[in-house]
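Q: So the sequence shown is residues 265 to 375, counted in our numbering.
It is possible that some hints are incorrect.
Pair by pair, the computed Cβ-Cβ distance ranges are [claimed, not checked]:
no.	residue 1	residue 2	range
1	Gly349	Ile290	28 to 36 Å
2	Glu365	Ser321	14 to 22 Å
3	Met361	Ser321	18 to 26 Å
4	Met302	Lys366	40 to 48 Å
5	Asn313	Asn348	28 to 36 Å
6	Asn313	Lys366	16 to 24 Å
7	Gly319	Asn348	27 to 35 Å
In the DSBU-like style, the derived pairs of lysine-lysine whose C-alpha atoms are separated by at most 30 Å in a straight line are [what the hints assert, rightly or not]:
no.	residue 1	residue 2
8	Lys366	Lys326
9	Lys374	Lys298
10	Lys298	Lys326
11	Lys298	Lys366
12	Lys374	Lys317
13	Lys298	Lys317
14	Lys317	Lys366
15	Lys326	Lys374
Keep in mind that the hints were calculated from the coordinates and are not lab data.
Just so it is clear, CB atoms sit at the ideal spot from N, CA and C, and this is done for glycine as well.
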Amino acid sequence: MKKIVFTVFASLALSACAPMVEKNQIPHLWSGEKTFDMPPAACADRAFNLVTKLGLSDIVRKNDFVYANQDLNRLAIKCVPAANGSLVYFAVAGENMAAVEKLRNTISAKL
Numbered sequence: 265m266k267k268i269v270f271t272v273f274a275s276l277a278l279s280a281c282a283p284m285v286e287k288n289q290i291p292h293l294w295s296g297e298k299t300f301d302m303p304p305a306a307c308a309d310r311a312f313n314l315v316t317k318l319g320l321s322d323i324v325r326k327n328d329f330v331y332a333n334q335d336l337n338r339l340a341i342k343c344v345p346a347a348n349g350s351l352v353y354f355a356v357a358g359e360n361m362a363a364v365e366k367l368r369n370t371i372s373a374k375l
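Produce the complete structure using the sequences and hints provided.
A: Structure follows, in structure tokens:
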């Protein structure tokens, strides 16, 4: 189940960044996951506050999903119920691998 949820989540992140990547260029995708001892709504609040603090643009919160842009990169964060709290998936997609990796690492460290 976890793999299916992540596959769908990664597909959403890639499709969201499709308009930002030039034709015939496959975007880079870096992702990660963490567990939190809090309900998904609180996890999503934390994710929303982080992307706001980082100064990302076009921030959208839809239930327990948070989406945002940083230059030509698209970030997606999804919080789902887990045994003792929530599991958070995060993915960054874009055409510049170094920038995608850096944003993913920042999210992973500060979330």
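Q: Taking the Cβ atom of Met302 and the Cβ atom of Lys366, is their distance within the range 40 to 48 Å?
A: Since the Cβ atoms of Met302 and Lys366 sit about 26 Å apart, the hinted range of 40 to 48 Å is violated.
Q: For the pair supplied as a hint, Lys366 and Lys326, is the alpha-carbon distance within the 30 Å limit?
A: holds, 25 Å
Q: Taking 28 to 36 Å as the hint, is the beta-carbon distance of Gly349 and Ile290 inside that range?
A: About 35 Å separates the Cβ atoms of Gly349 and Ile290, which means 28 to 36 Å holds.
Q: Given the hinted pair Lys298 and Lys366, is their alpha-carbon gap at most 30 Å?
A: holds, 17 Å
Q: Holds or violated: Lys374 with Lys298, Cα cutoff 30 Å?
A: It holds: about 11 Å lies between the C-alpha atoms, which stays within 30 Å.
Q: Against the 30 Å threshold, does the CA-CA distance of Lys374 and Lys317 hold or violate the hint?
A: holds, 11 Å
Q: Hint says 27 to 35 Å; check whether the CB-CB distance for Gly319 and Asn348 agrees.
A: holds, 32 Å
Q: Take the C-alpha atoms of Lys298 and Lys326, compute the straight-line distance between them, and say whether it is at most 30 Å.
A: The hint holds at about 20 Å.
Q: Please verify whether Lys298 and Lys317 have alpha carbons no more than 30 Å apart.
A: Cα-Cα ~20 Å, so holds.
Q: Between Glu365 and Ser321, does the beta-carbon spacing fit 14 to 22 Å?
A: holds, 20 Å
Q: Does the alpha-carbon distance linking Lys326 and Lys374 stay inside the 30 Å limit?
A: holds, 21 Å
Q: Falls inside 18 to 26 Å, the C-beta gap from Met361 to Ser321?
A: holds, 21 Å
Checked against the numbered hints given earlier, this structure breaks hints 4 and 5; the rest are met.
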